[in-house]
Amino acid sequence: MADYRKNRPYTTVVLAMSMDGKIADVKRSPARFSSRADKAHLEKQIAAADAVLFGASTLRAYGTTLSISNPQLLQKRKERSLPPQPVQILASLQANIDPQLHFFRQPVPRWLLTTSVGAKQWEGRSEFEQILVCEATPFSPEIDWVAALQRLASLGLSRLAVLGGGQLVGSLVAADLIDEFWLTVCPIILGGATAPTPVEGTGFYTALAPRLELLSAQTIDQEVFLHYRRQRFKD
Numbered sequence: 001m002a003d004y005r006k007n008r009p010y011t012t013v014v015l016a017m018s019m020d021g022k023i024a025d026v027k028r029s030p031a032r033f034s035s036r037a038d039k040a041h042l043e044k045q046i047a048a049a050d051a052v053l054f055g056a057s058t059l060r061a062y063g064t065t066l067s068i069s070n071p072q073l074l075q076k077r078k079e080r081s082l083p084p085q086p087v088q089i090l091a092s093l094q095a096n097i098d099p100q101l102h103f104f105r106q107p108v109p110r111w112l113l114t115t116s117v118g119a120k121q122w123e124g125r126s127e128f129e130q131i132l133v134c135e136a137t138p139f140s141p142e143i144d145w146v147a148a149l150q151r152l153a154s155l156g157l158s159r160l161a162v163l164g165g166g167q168l169v170g171s172l173v174a175a176d177l178i179d180e181f182w183l184t185v186c187p188i189i190l191g192g193a194t195a196p197t198p199v200e201g202t203g204f205y206t207a208l209a210p211r212l213e214l215l216s217a218q219t220i221d222q223e224v225f226l227h228y229r230r231q232r233f234k235d
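Letter 65 of the sequence shown, counting from 1, is numbered 65 in my numbering, and no numbers are missing.
If you're looking for bench data, these hints aren't it; they were derived computationally from the structure. It is possible that part of the hints are untrue.
DEER-style ranges, computed between Cβ atoms [claimed, not checked]:
| hint | residue 1 | residue 2 | range |
| --- | --- | --- | --- |
| 1 | N7 | I189 | 37 to 45 Å |
| 2 | D20 | E79 | 22 to 30 Å |
| 3 | S29 | K6 | 35 to 43 Å |
DMTMM-like, lysine to aspartate or glutamate: derived pairs with alpha carbons at most 25 Å apart [said to hold, decoys possible]:
| hint | residue 1 | residue 2 |
| --- | --- | --- |
| 4 | K6 | E135 |
| 5 | K27 | E223 |
| 6 | K44 | E79 |
| 7 | K39 | D179 |
| 8 | K78 | E135 |
| 9 | K44 | E180 |
| 10 | K39 | E200 |
| 11 | K120 | D98 |
| 12 | K27 | D98 |
| 13 | K39 | D20 |
| 14 | K6 | D179 |
| 15 | K44 | D179 |
Note that CB positions come from ideal geometry on N, CA and C, so glycine has one too.
Take these sequences, add in the hints, and give me the full structure.
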C-alpha cells in the first residue's frame, strides 16, 4: 500500500450533519442547523490547522468562510508562531466563482487549487495570493489530489482542515488522503435522495470500504461529537 501520509499535510475532515447523514437540504442551502457549541468546535479545528480546504459549492452556498475570532485561539496561534488566520484554499475545477462574494473581502489569505482551465479565469487578478494548478495531465478535467497535497506540504502546510462538500471529501477519501474525521450529529432530519452527504463520489464496495477507528464520542446538549481516525493496515 502506498503511504500517502508522507510529504503531505495531516488532513482532517470537519463537518456537521443531520441525524440522517445530510450536510445540507435538497436545495443545498447553507447548513445552519448546528449549535453555538458546534460553531465553537469548528473554529477550534480551524485554528489548529495551517490551511482550510473547501469546494466551490460550499463557498457559493455560504459566500464566506469562518475566520478565527476567539482571542484565546488567536493567542495560541501566535504562541505557535502562526499567522492569525490559516490559509483559505478554494478547490475548484473550473474556478467559476463570483468575485463579488464577501469571501474576497475577508481579511484572510486566499489560495486557489484548480486546473489549467480554472487558472485562466483568474489570470491577472489579485483575489488569490497563490493559484496552484495540479492536474494529472495538461488540461485534465480532474485535480491530481496526491500531487496537490504534496504541493501544499512543499509550501509549508503541515495540517489541513477539510470543510466540504461531499464531492471534495469523496475524492480525498478515494485517494486515501484523509487521516481523521470530526462529525457533529445534529438533532434534525433533512431527508431527500439528492441532499448532499459527508462523502459523495462513486462510492465504495463494502469489502474495499475505508475503515475508521472511533477515538471519542461526546454529547453536548442535543448534539453528538464523533472523532474518528482512518485505519490503515500494513501489507
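Which of the listed hints are not met by the structure?
2 and 8
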